[in-house]
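K.L.:
Each chain, written out:
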Amino acid sequence: MLLLTCPNCGVAAEETELAPGGEAHLKRVGPGSEDADFEGYLFLRKNPKGVHFERWRHANGCGKWFHAARCTVTLEVFGTYSAQTTEPPKDILLKIDDKRPGWRG
Amino acid sequence: MSTRLKSGGRLIDRSETLKFQWNDKWLRGHPGDTLASALLANDQTLVGRSFKYHRPRGIVASGVEEPNALVGLGKGAKFEPNQRATTAELFDGLIAESQNHWPSLEFDIGAVNALVPKLFPAGFYYKTFIHPRAFWKHVFEPVIRKAAGLGKAPKDRDADRYEHFYAFCDVLVVGGGVAGLNAALQAAKEGKRVLVLEQTPHWGGRSPVDGGTVDGKPVADWINDTVEALERMDNVRMRRRCMAAGIYDHGYVIGYERLTDHAPAKQGPRHRLWRIRAGHVVTATGAIERPLSFAGNDIPGVMLASAVRDYIVDYGVSPGDRVVVVTNNDDAYRTALAVREAGLVVPAIVDARPEANGALPQAARAAGIMVKTGTGIAKVQGGKRVTGVELCAQAGEGATLETLPCDAIAMSGGWSPVVHLWSHTGGKLTWDAERAFFAPDPSRAPVGHDGAPSVSVVGAAAGDLTLPAILDGAEAPEETPLRPVWMMPEGASADKRLKMWLDYQNDVKVSDVQLAAQEGYESVEHTKRYTTLGMATDQGKLSNINGLAVLSDALGQPIPQTGTTTFRPPYTPISMGAIAGEARGEIFQPLRRTPIHSRHEAAGAHWEPVGHWRRPYCFPKAGESHRDAVNREINATRSGVGLLDASTLGKILVKGPDAGQFMDMLYTNMMSSLKPGKCRYGLMCSENGFLMDDGVVVRLDDDTFLAHTTTGGADRIHAHMEEWLQTEWWDWKVYTANVTEQWAQIGVVGPKARAVLEKLGGMDVSAETLPFMTYAEGTLGGFDARVFRISFSGELSFEIAVPASQGLAFWDALAEAGAEFGITPYGTEALHVMRAEKGFIMIGDETDGTVIPQDLGLDWAISKKKDDYIGKRAQERSHMTDPERWKLVGLETLDGSVLPDGSYAVADGTNANGQGAVQGRVTSTYYSPTLGRGIAMGLVLHGPDRMDEEIAFNTVSGGTVKAKIVNAVFYDPEGEKQNV
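Chains A and B supply the protein sequences, listed in that same order. Here the numbering used here = 1-based position in the first sequence + 697. Here the numbering used here = 1-based position in the second sequence + 77.
Heads up, some of the hints might be wrong.
To be verified - Which residues of chain B face chain A? A few of them, derived with a C-beta cut under 10 Å, are: (1) Asp527; (2) Thr804; (3) Asp945.
Stated by the list, open to error - Keeping only pairs whose Cα atoms sit at most 25 Å apart, straight-line, the calculated DSS-like set for lysine-lysine is: (4) A:Lys724 <-> B:Lys943; (5) B:Lys810 <-> A:Lys724; (6) A:Lys743 <-> A:Lys787; (7) B:Lys96 <-> B:Lys343; (8) B:Lys732 <-> A:Lys761; (9) B:Lys505 <-> A:Lys796; (10) B:Lys698 <-> B:Lys732; (11) B:Lys269 <-> B:Lys152; (12) B:Lys755 <-> B:Lys941; (13) A:Lys746 <-> B:Lys810; (14) A:Lys724 <-> B:Lys949.
Said to hold, decoys possible - A few chain A residues facing chain B, derived, Cβ under 7 Å: (15) Leu699; (16) Leu723; (17) Phe735; (18) Gly758; (19) Trp762; (20) Thr769; (21) Leu772; (22) Glu773.
It is worth saying that the hints were derived from the structure and are not from the lab. The beta carbon of each residue, even a glycine, is placed where N, CA and C say it ideally should be.
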């Protein structure tokens, strides 16, 4: 039962309050795109052993979506941040660099 | 024989006597007894039969690790199977029965299995009952199910009450022994909020029995002082009879408190499930003694050494007059000394080690007890109880050197830290070769959300098995190292290994694990499943390490390489009642009622659950069948006027300057072009292209749309909208609100609908002012109304929304105004039949997550002008545009019967799997009272091109029924009736 702090309302929310939304920072591909690109957008997901950026919704709370950076092995949460962004914020990336050197490779 | 001693027993109150029932026999015990101690006090050494061989089994342990003494407790609605006699506290009138025997405990037919133990080797079921195939279901399985297994499931509804309880603390201490109490005190002194859970009714753990001093005083005094100190602190909560069942991610812990099991007359819930969030968890869960593997180690009377001294010291119960102690360590000498102190005889201490010269062995020798080093047990004599023991050289093959008569054997193979809880949430273990156990590795602890260790371990659970190792100022006799002994004797022959039990509960022997290894089961997890070692309620408490060691030896590899099986919650079984908590009966789940619910109830509605809603399925009159009621409701609506409570329909407001653009993305149709005051039917797809919801969209004004969704879809669709708005188009100025419950919505349906509304008065509802697919706001009969001219039945129809608070009164007003027109309330089934007569699709019937709008002939509702909508790209994929996709058509049986729901249309030939080929399936099927025959819709290969063709559908009874492919609109295909 994970604890994630909702960046919108500030509540340290328990997993029962949250709904998972899978991998974060996907880029939507629409009509006119190549089949391979569309497949990648719709179906192909990262499943890393380690650092993962993911979407959550504070479903039984404020109702807002947010992002979480999390380690899928230890379940450590590096940070949560706004859903209205296309990439993780710098401070969280630096924190991950510090805690999981070499994770980007 | 086992009996009550004349004195001793620190936990029992001899001044009072309790009566209890054991297999219909009345026996006596004292307050403070467990059922196990009371049974032993009454010489009931035989307490059950084993799982496969039905061998006689006695009490082995004194705590939660007990594998054999599983009994049924209580009667009728209070009956509970598989309860441990060792943890069941005695009370006056307790009723217990033994399990897994037939016809009786003393004489069990199934015991013939034991005469040929080679009959049930590891993997027996898998190997034996393969052919002939049909035998499995009808012969093998019923017989095996009757013979194998533990207690019977209760038949009656549980009469007790249960509850959930939420708790928060900075530090949760699991275990109220010396180490746990000490950890609690340290944390409490730092001002932290502390919660201490102890699974037994007593504080202090094993220490009062095992002895030792703290600062020169008996350890029991330290325990009392510390408990008192903790109880005085405001920041400390302490619970006995409360077990931590499992530790989960980020400091979530489940506690299981047994409130009235020991005192059934007490008021309140029986069990309480604690849902705890702890900042940090300290497990002080102690250690469990290991059995030794020697031939006949399962005969009643063979017990753990620690259990023997528990029964003597705690309950004043002697497990036998002559107790042979067999050990590989110093600790078991405590048992010999306790037996001697109780005035009983220890014929010998059999120590597998070449020498034993520690403080405790010295004390035993000084007390005149014979110590036989380098010796093991060749064989235990006895059947339903121990009668003697044959000794041999531990290093040899088991030739009997001498035989000692005895009636109990106290065995100790060393101690294993209880690492279950640590492991539940990902804590890793390391093998301590010297002391022969797995202990938590603090450098690989489970971590919390902040990345810091979330669990730590203290005391015996951490491998600190002696009092001085746990507590400053504590003193106890120093212990010399044990010698790992995994088999006794070391070179035991095959016939001996067939009688060495590793797992008493699942009847797994040394020979089974060796066979598994021989057959190629190298992974400990596979061996566990194959042999059932450490399964069921045991979860490896007694058997784990011994089994791993035997497997490692058979594989010729060190124990750490073999590793352990996964420890899973709960630590010991918890009741289903506690898990359910309050969620049973009427409050099992929330029930949603429309504002008009009470009126339907009074009208005798037959209810249909739709999501959490209850909707009237139909309104049967006295003596009327449901089918008759549905037909009457349809006929009344089609010929006069019907009344439908449509309040459950989802209503979502979409508002803002960019609302039109957003609606165009959500729906396949063009919604931005909809004029205020107009309605349009719309389809909503997932990004994968599949149809997920439909409904009428109303444009209330330039900036505002009202999207109707299906009843079950309201929350899901609202979430879908929010997801796209928040995570993809967050710069669009759009707001959504789910206003489903703010409005009561009533359908007034049928040729006389307008007359009813005109009688109510207040609004012009004429065809000229309010034509089909339009909307107006006004007052109807004094009610604030939004009137939508939409139809799901094909009749002239008004759906009228009023504020929820006015819903019931409005329903009554319509019923009153409509009385002269024969207005008839109808339910969901009439609604379904009428929409099917019109060929309208229903989400969940015509769709199942694999159907796209194009399959349903809904191309007219898919905009060709839009560049994009959710699902558009997906629908361009080759599989979605494949002309071979099954398409929606109407179906009419030739004989007028109703097609079976979900039936498949058969085709010639077979498919790739050799099954009969199919060419379509039924999606909706009803009896149409309007047409007086069965009608159906279905998806059929090339369906729309095969009008009037006859195809055959499977029936439930095995035959087929022929149906003609027709237009799906069975009723009023021109749509004249709804547009008046």
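K.L.:
Are the hints correct? Go through all of them and say.
P.N.:
Now for the hints, and whether the structure bears them out:
| no. | hint | result |
| --- | --- | --- |
| 1 | Asp527 | holds, 7 Å |
| 2 | Thr804 | holds, 5 Å |
| 3 | Asp945 | holds, 5 Å |
| 4 | A:Lys724 <-> B:Lys943 | holds, 21 Å |
| 5 | B:Lys810 <-> A:Lys724 | holds, 21 Å |
| 6 | A:Lys743 <-> A:Lys787 | holds, 21 Å |
| 7 | B:Lys96 <-> B:Lys343 | holds, 18 Å |
| 8 | B:Lys732 <-> A:Lys761 | holds, 18 Å |
| 9 | B:Lys505 <-> A:Lys796 | holds, 20 Å |
| 10 | B:Lys698 <-> B:Lys732 | violated, 44 Å |
| 11 | B:Lys269 <-> B:Lys152 | violated, 44 Å |
| 12 | B:Lys755 <-> B:Lys941 | holds, 21 Å |
| 13 | A:Lys746 <-> B:Lys810 | violated, 38 Å |
| 14 | A:Lys724 <-> B:Lys949 | holds, 16 Å |
| 15 | Leu699 | holds, 5 Å |
| 16 | Leu723 | violated, 9 Å |
| 17 | Phe735 | holds, 6 Å |
| 18 | Gly758 | violated, 13 Å |
| 19 | Trp762 | holds, 4 Å |
| 20 | Thr769 | violated, 12 Å |
| 21 | Leu772 | holds, 5 Å |
| 22 | Glu773 | holds, 4 Å |
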